[in-house]
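Participant: Listed below, chain by chain, are the residues.
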Amino acid sequence: NAGVTQTPKFQVLKTGQSMTLQCAQDMNHEYMSWYRQDPGMGLRLIHYSVGAGITDQGEVPNGYNVSRSTTEDFPLRLLSAAPSQTSVYFCASHSLGPPADEQFFGPGTRLTVL
Amino acid sequence: ILNVEQSPQSLHVQEGDSTNFTCSFPSSNFYALHWYRWETAKSPEALFVMTLNGDEKKKGRISATLNTKEGYSYLYIKGSQPEDSATYLCADTTSGSRLTFGEGTQLTVNP
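Read top to bottom, the protein sequences are chains A and B. The first sequence maps to residues 1 to 114 in this note's numbering. The second sequence maps to residues 1 to 111 in this note's numbering.
Don't read these hints as lab results, they were simulated from the structure. Beta carbons: idealized from backbone N, C-alpha and C, even for Gly. Please note that the accuracy of each hint is not assured.
Cβ-to-Cβ under 7 angstroms is the rule here; a few derived chain A residues that face chain B [said to hold, decoys possible]:
1. Y31
2. G42
3. L43
4. Y48
5. V50
6. L96
7. A100
8. E102
9. F105
10. P107
11. G108
Given only the sequences and the hints, what does the whole structure look like? Please build it.
Facilitator: Written out as C-alpha cells, the structure reads:
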C-alpha cells in the first residue's frame, strides 16, 4: 500500500493563479480531509468528505474547493491564490467507525504564494 | 470545554526525565480520542486511538490514559530521549468522522 500520497511536494504560485493539490489513498477509506498547518495554529480543517460524492466545509474553507468523484481521490483547488494561503497542506484519510480508526496523513504540500 | 485544548504549549526536558502532558476535550457526545506524534518536516503519525473511559494504552516508553466523563487524556513519556522531540497532537471525534485537533504540545528533549 502506498497509503496517502500528495502531489506536488512544493509549489510556488503568483497571486491570482489557480492550482489543484492532488491527494490519493489506496486504503479504501471513506473519510478524507484537507488541513493547513500554519505556525502557532496547529492543524486547521479546510474541507472533508465522508464518501464519494459527499463533501463538507471545515473551519477555514474560503478560497478552496473540493470534489470527491471516487473513493480514492480528493483534490483541493485554489481558485485564485492569495499570500494568506501560503502554508503547508496535509491530506488525511481514515475509515469510518466503529471501531474508531487512526487517521493517516500524506507527506504534505508546501505552498508559497507570492 | 468547547474545544480541544492541550497543555503545556511547549516543554523542555533533559534526557532521561519522564514527562506528561494533558489534552482536554468536550465530554458530551464523545466518540474517540486520538494522539499523534509530529516531527518537524514530516507528517503526523498516529500513536493511539482511545474510546473507552479508563482506557490505558502503551507503546514502548509512551503511554496514554483516558477519562471520558471529565474530558481529559494524559500522555506520558518515560525516560525521554532526544528522538522523542516532536509536537504531540491530540484530537477528538464526536461521530467517528471529523477530527478536531488541539494546538499541540511541543516537546524538546535536551541531551
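Participant: If a hint holds in the structure, say so; if it doesn't, say that too.
Facilitator: Do the hints match the structure? See the list:
Against a cut-off of 7 angstroms between C-beta atoms, the interface hint on Y31 (chain A) holds, since the closest Cβ of chain B lies about 5 angstroms away. With its C-beta approaching chain B no nearer than about 4 angstroms, G42 (chain A) sits inside the 7 angstroms limit, and its interface hint holds. With a cut of 7 angstroms, the hint placing L43 (chain A) at the interface with chain B holds, because the nearest CB-to-CB distance is about 5 angstroms. With 7 angstroms as the threshold, the beta carbon of Y48 (chain A) comes within range of chain B, its nearest partner Cβ sitting at about 6 angstroms, so the hint holds.
The interface hint given for V50 (chain A) holds, since its Cβ lies 6 angstroms from the closest Cβ of chain B, which is under the 7 angstroms cut-off. Taken as an interface hint, L96 (chain A) checks out: its beta carbon lies about 6 angstroms from the nearest beta carbon of chain B, inside 7 angstroms. Annotation: A100 (chain A) was flagged as interfacial toward chain B, and the flag holds, the nearest CB pair being 3 angstroms apart, inside 7 angstroms. The beta carbon of E102 (chain A) comes within 4 angstroms of a beta carbon in chain B, closer than 7 angstroms, and the hint placing it at the interface holds.
Taking 7 angstroms as the C-beta cut-off, the interface hint given for F105 (chain A) holds, the closest approach to chain B being about 4 angstroms. Residue-level restraint check for P107 (chain A) holds (minimum Cβ-Cβ distance to chain B is 5 angstroms; threshold 7 angstroms). With a cut of 7 angstroms, the hint placing G108 (chain A) at the interface with chain B holds, because the nearest CB-to-CB distance is about 6 angstroms.
Hint check: no violations occur; every hint is consistent with the structure.
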